[in-house]
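S.K.: Given next are the chains, with one letter for each unit.
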Amino acid sequence: MIKDHQTAVLEVDRLVTEFPTPKGTIRAVNDVSFQLHQGETLALVGESGCGKSVTALSIMGLLAHPGRISSGTIRYGKDDLLGYSTSQMRKIRGNKISMIFQEPMTSLNPVFRIKDQMMEVILEHQDLSSKAAFDRAVELLGMVGIPSPEKRIMDFPHHLSGGMRQRVMIAMALTSPDPGILIADEPTTALDVTIQAQILQLIRKLQEKNGMSLLLITHDMGVVAKMADRVAVMYAGKKIEEADVIECFENPCHPYTRGLLNSIPSNKKYKGANRLEAIQGFVPNLLELGKGCPFTNRCTVAMDICQAAFPSQAQIIEGHHVCCHAVNPTDADKGGRP
Amino acid sequence: MIKYITKRLILLIPTLFGVVTIVFFMMSLAPGDPARLALGAHATPEAVEAMRHELGLDRPLHIQYLNYLKQVAVFDFGKSIKTGEPVLYELLSRFPATIELSVVSIIISTILGILAGIISATRQNSMIDFGAMFAALVGVSMPVFWLALILIMVFSVGLNLFPTGGRINIRLFMDPLTQFYLLDAIVYIFREGDFSYFLSALKHIILPAVALATIPLAVIARVTRSSMLEVVRQDYIRTARAKGLSERTVIYKHALRNALLPVITIIGIEFGYNLAGAVLTEEIFSWPGIGRWLYSAVTARDIPAVQGGVILIAVVFVLVNLAVDIFYAYINPKIRY
Amino acid sequence: MNPSLVSVKHLKKYFTVKSDTLWGKKSILKAVDDVSFDLYACETLGVVGESGCGKSTVGKTMLRLHERTDGSVWYKERDIYSLDRHELKQVRRQMQMIFQDPFSSLNPRKQVRDIVAQPLRIFNQGTRQEIQDKVDHLLEEVGLNPKFKTRYPHQFSGGQRQRIGIARAIALEPELIICDESVSALDVSIQAQVLNLLLELQEKYRLTYMFIAHDLSVVEFISTRIMVMYLGKIVEQAPKDTLVDNHLHPYTASLFKASPDIDPRNRNDEVLLPGDVPSPLDPPSGCYFHPRCPRCMEVCTHTYPETREVAPGHWVACHLY
Amino acid sequence: QKTLVYGKSQAAIALDPGVVDEGGSSIVVSQIFDSLLAYEPGGTKVIPALAEKYEISADGKEITFFLRKGVKFHDGTDMDADAVVFSLARQQFKDHPYNQYGPWKYWDTSGFKDMFKKDGSLKKKGIIKDIVKTDDHTVKVLLNKADAAIMVNFTLYFTSIVSPTAVKKYGADFRKNPVGTGAFKFVKWVKDDHVLLKKNKAYWGEKAKVDNLVFKVFPDATARSMALIKGEVDIIEPPDADNLKELEKNPRVKIMSKEGLTMGYICMNVERKPFDNKLVRQAVNHAIDKNEIIQAVYGKLGSAATMPLPPSLWGFNKNIAPYTYDPGKAKELLAKAGHADGFEVDLFALPVSRPYNPNGKKVGEIMQAQLKKVGINAKIVTYDIGTYWDKVDAGEFDMCMTGWSGEPDPNDWLHRLFTAGYLNSARWKNDVYTDLVTRARSISNVAQRTGLYEKAQEIIHEEAPIVMLAYGVLTAPMRDNVEGHIIYPSSKLVLRHISLK
Amino acid sequence: MPFNPENTLWYDHWLQLKQNRSALLGLAIIGAFVVVAFLAPVLATHDPLVQNVSLRLSKPFENGYLLGSDDFGRDIFSRILYGARISLVIGAIAIGISLTVGTALGLISGFYGGTLDVLIMGLVDVMLAFPYILLAIVIVSILGPSLNNAMIAIGIVGIPRFARIIRAQVLAEKENDYVMVERSLGTSDLELMMVSILPNCMAPIIVQVTLGYAGAILSSAALSFLGLGTQPPTPEWGLMLASAKQFVASAWWVVTFPGVAILLSVLGFNLFGDGLRDILDPRLKD
Ligand SMILES: Nc1ncnc2c1ncn2[C@@H]1O[C@H](COP(=O)(O)OP(=O)(O)OP(=O)(O)O)[C@@H](O)[C@H]1O
Ligand SMILES: Nc1ncnc2c1ncn2[C@@H]1O[C@H](COP(=O)(O)OP(=O)(O)OP(=O)(O)O)[C@@H](O)[C@H]1O
Ligand SMILES: [Mg+2]
Ligand SMILES: [Mg+2]
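Residue numbers (the numbering used here), protein chains in the order written: chain A, 180 to 517; chain B, 754 to 1090; chain C, 79 to 399; chain D, 5 to 505; chain E, 2 to 287.
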């Protein structure tokens, strides 16, 4: 299949997700918009707690109590997923939009055999006999590189290693003959480097094979560089920059994105250096955010305006957007979107 | 599996040895002279003296202990001072009554408790949840003996729905084959088509079983609920939802299977407590079981009976818990063997 | 080269573990299996390897936080395992450790000032007031505002907590600090801050680091020498540049290949290391790496290779060399 | 098929009449076995039973029983001299082959047989020397010394005649399979729950009027009386006074009662201060309001006692004015005795329910409050019943509750309870008194004896070693369709008289 | 710098507690219970020990008895008020015994491990082999029935629970790197146990104390009910029920009110303990 980077299969628009807590309401996702195109890989990066997982769960409609989507739309094809009924949503999940999670060790149900867990999805979404479903499950396990799948399928999850479990998770996410979207939430962070490389390679191969779109959530710029077509950078619940992957690495516009790249020790520029260019300060508490740009307190180019208002989105080149007063000093006057 | 069970049984030996030792020395410390008790109110001092000799109470304590160990090793727990019967026989003859009562009450509490727990968990923070959990908390806070009295006051005296005590209407002259009256009464249904035996046995067991079921019911409901809530938070439940399964399947298949694992342990423990700790309930409902027997042995200071009874009950209790452990291991795929 | 500060000779650490089967059979887990290396003053020795390969155990056994199974650890001509309690205390003063999880390594019920003051107090470093002044100084040193010293660890972010741990570690001005995955749990931006801090402190106090991590890029950046471990054994050991440019062991090569490059233009789809990391409870015969090794030979399946010095300071354990 | 269900408080523990010593078993045993002699129904006169008559030799050392002929045990074997000798000898002789199935509590403690020391030497000679068969229907009991009081024992259940065949057959299990000659046969026993008996159609005497007799256990008095109200049982052992009041209100229940030969009293340990002082003892007698205790605890189960023997018994001195409840007087006496500020004592509360004291703890609580009013601080102490008697008999108490269910002879009360011996719990000794009651024992003239006993009572009243509390009233609550029940003053329960309407 | 309570972990817990309705209800009940216990002499309408046999078994509001009188004509209301004192004391002492002994055993056992651990836990296992109430009954029957002995028995019976909970907590806590760090600094065992580890075990201890308090009240009532605990005429609730048994058919108030008192006080502690557990120790849920 070909990548069609023009058709948006998923369109998140001005999504706001909140968690009311005793100490106040946390806006985990604050006015985030992005599009995922047919067949492409969009990487969502950002520091821990910036709202990546919550964004993904919002899309799947799987927010944990007490989380709620307070505004925005999530368009899948022509429909707004937020308007879907539970049963409509169920038809999408695991079928059109699948998700795999960070912790392969705990993401499989310990009391069911792999067989049952795999066949369950197949039978749920496809009109197959259980024999056919079983065969399909074995086939899928083979496809994700599990040796002697017909034997392994009878195992319980605890019989498998972490890497194998993650493969099972991937196989389970790809049961549909026509998987539309795969959301992978830090699929390799819990794994060893060598295993991580295997899994990433596997995902890439599968994506090439069946042309699905991948929303890859990660905090590892290395993974982004290796996997992504486009990158959206989040900071404290806000999307602050979005660009084509090469553009993002070569011409990062937001001071945070630049800092992030500079913080990586394997950055070529550190050959022989003995200091990193680190971002100073710490990620702000989501409860104590003001109206302004959340990065202000760590920013080297902060201005007065940064305290007062969150910058609107500016376009650098086609497909490269950034939200920063320093990049787009005039937009405060316009008082809205460019 | 056999190997595991054997190993667990072997591991029991030190515990049981400890039990026997503790019980023996505790009871030797107890005031009250078994010889005196054996002879009754106005026994002459000479007769008491002779009796002490006969019972071996005039020998040094460590000799008594060694003798006792020797006896216990061959399941000889001595004879009850009060009745002169072997303690083991006395206990076993009361055991069916207690088992029947415990089983009925644990069935009641398991069914209702799990149901209440699931309903509460699936409607977390709703009025139903709040109400059920408050009720469960009241249940665990309930002085059982008081509840028993209130049950009698309301259902037996006030509404005259149930008898006040006993196991069956005595005038029916039922022939107990198994000593489990409900089962025996079923025989009458098949043999003679006579339901009155069964109904009577049922009517007799309901109030005590309900009283005895309160705490296990409340505990099971609470454990089921919290276990369920815990499980629902797990990653694999999120996975199940992400697969597009219906909420029903997610809860009743994926969550419940996992959530019930700890509940089984609790049911076992509560069953063990019921078997051994139904003293108050049996006392109030004149239920001829081991709790009541042991209590009267304690108050009468029938020392061999108390020693033997406590040891045997501890053994039963430990074995029930062991059985539950083994069952748990057996049904839990997370444990390999 | 600087003189050797710590010399580890044939160190072994075996754990007896109950397997998690119902039978509870006991088996031997060779967490560290015959490991020898030297730590030279003022250097940073990086230790990399996959999870469970025994990196932390080496660190802990060096400090005698675990008792060894066999071998010796020499600190300035003295075998740590022959010291009595009191002498050991004095030696440990010179060797500190910083752990991965910045939460579990700080007592949550103690105020920051008590945490940092504890080593000073135990080693009687002055009066209460002096100790408090020292604490203020230490906190400033690691970039924390001393006015937060009455706070509790949970009121700090991960990076700040790691700084508290560092402050405690340098309180007694040790010679050696073992950093066990000290930056792994941190976000990159924070990780960079902490790495900078460690480098600063090293320069200032002439510290020696043993830097344990599984992230090759971090080790590569901070170390002067790198040691690669696989299943409790050292497979390769060399000065950083040698290792980066001229690594010999196939496992080292795979590690380098697997750790992603941050250049999106450079997406090569080379063949990766297949298979899973074997369990240390049941290591493969011969060279532990042979089932996954792309260059496996017959000899590898039955004989563990000897460690050879192929170039000055470059040790490798592989039949190929 | 008529079934009589009797609700009792204690479970039976053994059904061999020789080993029984408590109410739970004895009332069952009494229906299954007969003794050689019996009391007349409802009275205290001794009448023949399995022995048609008896003779006592002139020196009083030989009792000859002439047995009733044609009496059969429930197992069909004959009741004959062999059976009688067997029944008694197994309790008497250590070397009897069936002696091992004891302990023969009552026999052992009645002083019938010789007692030996640990080293085997004789400690105390027993009353009975030997039991011999003269012919098939005649048995002689030979005594070591004359004792007229022994005859009463042959009415009691522990001298019941058991089937030797059955004893030999069951051995140790005879106590679970009793075979006697009584009006009811043993059928089944479910421990702690009930015992089922059925009518002995071949009974030698007045045959039972119901077909089945069930003894059902209700340890709790309230449960027992509720079972009666609901008709689950026909007749019950008396419950608490308060339950009785409830029962009285119920139209389907009737309550029979009769004064029994039983009384409850409080002993003051005269060997201890301050009860060595007569004035203090009298003060306590004035300080205790028996009526309040009876109202709160005994109810219909007792009446206020004045003298240490029941008023229905001959020899009772009607002329002595009982101590009145008068706290003022009590205080006065205490002041006179030098205890104006009061003192502290231990009050032993009887831990079990007895016909003469249904609830020792309650009695104790009330007494405690009453004594407090005159400045005496009583601390209620209680033990298990065994320890309780141990301590009481050893004199390790200040005040204790006790009581007596005696025989219809003043000697059994005035001599037995207040002269040297372990039953003299107050440990009171008075030579004049002892002389009076010992003299009365050896005389057979009732009028003469009466005079002596009345004098003795004056002394005991003045000396006041005890506080008389209550005479027990024997009560039998039953359904209104229960007819013909007879209460025996000696507390023996005989159910064969009952018929059901 | 002055100590600021807002900094401590406890402050967070307090914030959470304020949100927990049932825990607050429990706290309120416990508060009321304590107030009643302290003010019993002020609130009582009668002397709890004074008998008036002629007015025995008066109905509520009859003859000036708010909740009626018992079979000695004592005021039930006043007796219940004074009963709160007894229960409060019983709970405190019994828990005190279980807490100190149990904590010491659990701490030593968990901290040192090895043979000591095997021995202590063996003992604990043996104690746990006896069902709770049975062990209490046997202990009291040996020591003799009295208030003090009942407290001791309940205290002893509670030891294994504390020992186990604390051992488990110590074992978990020992895994934390800070223990290893502090040990590597040369901290003494005693300091490690008492200063470093024990405070981190407080959460389950506090929860267990609250729940154990409820259990102690209940057990002491049960023992008294069986005649093995407090002795008359002490106004203990279980004891009041014991003598009220016979009035189930005739005088409901004698049976009802002491039971309600037990239920309420136990419920108070359970509600509070439950809430505390949710807050302090979410892992420990039943
Ligand atoms: N159930 C919840 N209740 C309260 N706050 C929550 C909840 N789930 C998430 N949050 C908050 O939402 C914010 C975003 O969380 P999210 O899990 O999306 O972060 P993330 O970017 O995925 O981080 P990580 O890299 O650590 O996975 C966090 O600050 C977190 O505190
Ligand atoms: N106290 C212990 N008891 C038993 N086994 C242990 C213990 N500590 C470590 N191990 C085992 O020893 C092996 C090496 O552990 P170690 O912690 O040194 O690995 P590591 O290289 O530090 O791994 P990671 O990167 O996950 O921290 C592992 O298999 C581990 O399971
Ligand atoms: Mg996340
Ligand atoms: Mg490690």
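These are calculated hints, taken from the structure and not from any lab test. Bear in mind the structure is a predicted one, so any value in this text is a computation, not a measurement. You may find that some hints are simply not true.
[Said to hold, decoys possible] No farther apart than 27 Å at their CA atoms in a straight line, the calculated lysine-lysine pairs in the DSS-like style are these:
#1 D:Lys144 <-> D:Lys129
#2 A:Lys294 <-> A:Lys275
#3 D:Lys211 <-> D:Lys277
#4 C:Lys335 <-> A:Lys388
#5 B:Lys956 <-> D:Lys195
#6 A:Lys294 <-> B:Lys1006
#7 C:Lys96 <-> B:Lys760
#8 C:Lys318 <-> A:Lys450
#9 D:Lys211 <-> D:Lys49
#10 C:Lys282 <-> A:Lys450
#11 E:Lys175 <-> C:Lys104
#12 A:Lys310 <-> B:Lys1006
#13 D:Lys304 <-> E:Lys60
#14 C:Lys188 <-> E:Lys175
#15 D:Lys234 <-> B:Lys832
#16 A:Lys448 <-> C:Lys335
#17 D:Lys49 <-> D:Lys98
#18 D:Lys117 <-> B:Lys832
#19 C:Lys335 <-> A:Lys450
#20 D:Lys6 <-> B:Lys956
#21 B:Lys760 <-> C:Lys188
#22 C:Lys108 <-> E:Lys175
#23 A:Lys202 <-> E:Lys19
#24 D:Lys137 <-> D:Lys149
#25 D:Lys57 <-> D:Lys137
#26 A:Lys270 <-> B:Lys1006
#27 C:Lys90 <-> C:Lys108
#28 D:Lys129 <-> D:Lys117
#29 A:Lys202 <-> C:Lys225
#30 D:Lys333 <-> D:Lys277
#31 B:Lys956 <-> D:Lys234
#32 D:Lys383 <-> D:Lys49
#33 E:Lys19 <-> C:Lys96
#34 D:Lys234 <-> D:Lys49
#35 D:Lys277 <-> D:Lys253
#36 D:Lys180 <-> D:Lys202
#37 D:Lys333 <-> D:Lys383
#38 B:Lys1006 <-> A:Lys275
#39 D:Lys98 <-> D:Lys128
S.K.: Are any of the numbered hints broken by this structure? If so, which, sorted upward?
M.R.: Checked against the structure, the hints that fail are numbers 3, 15, 17, 21, 32, 33, 34, 35, while the rest are satisfied.
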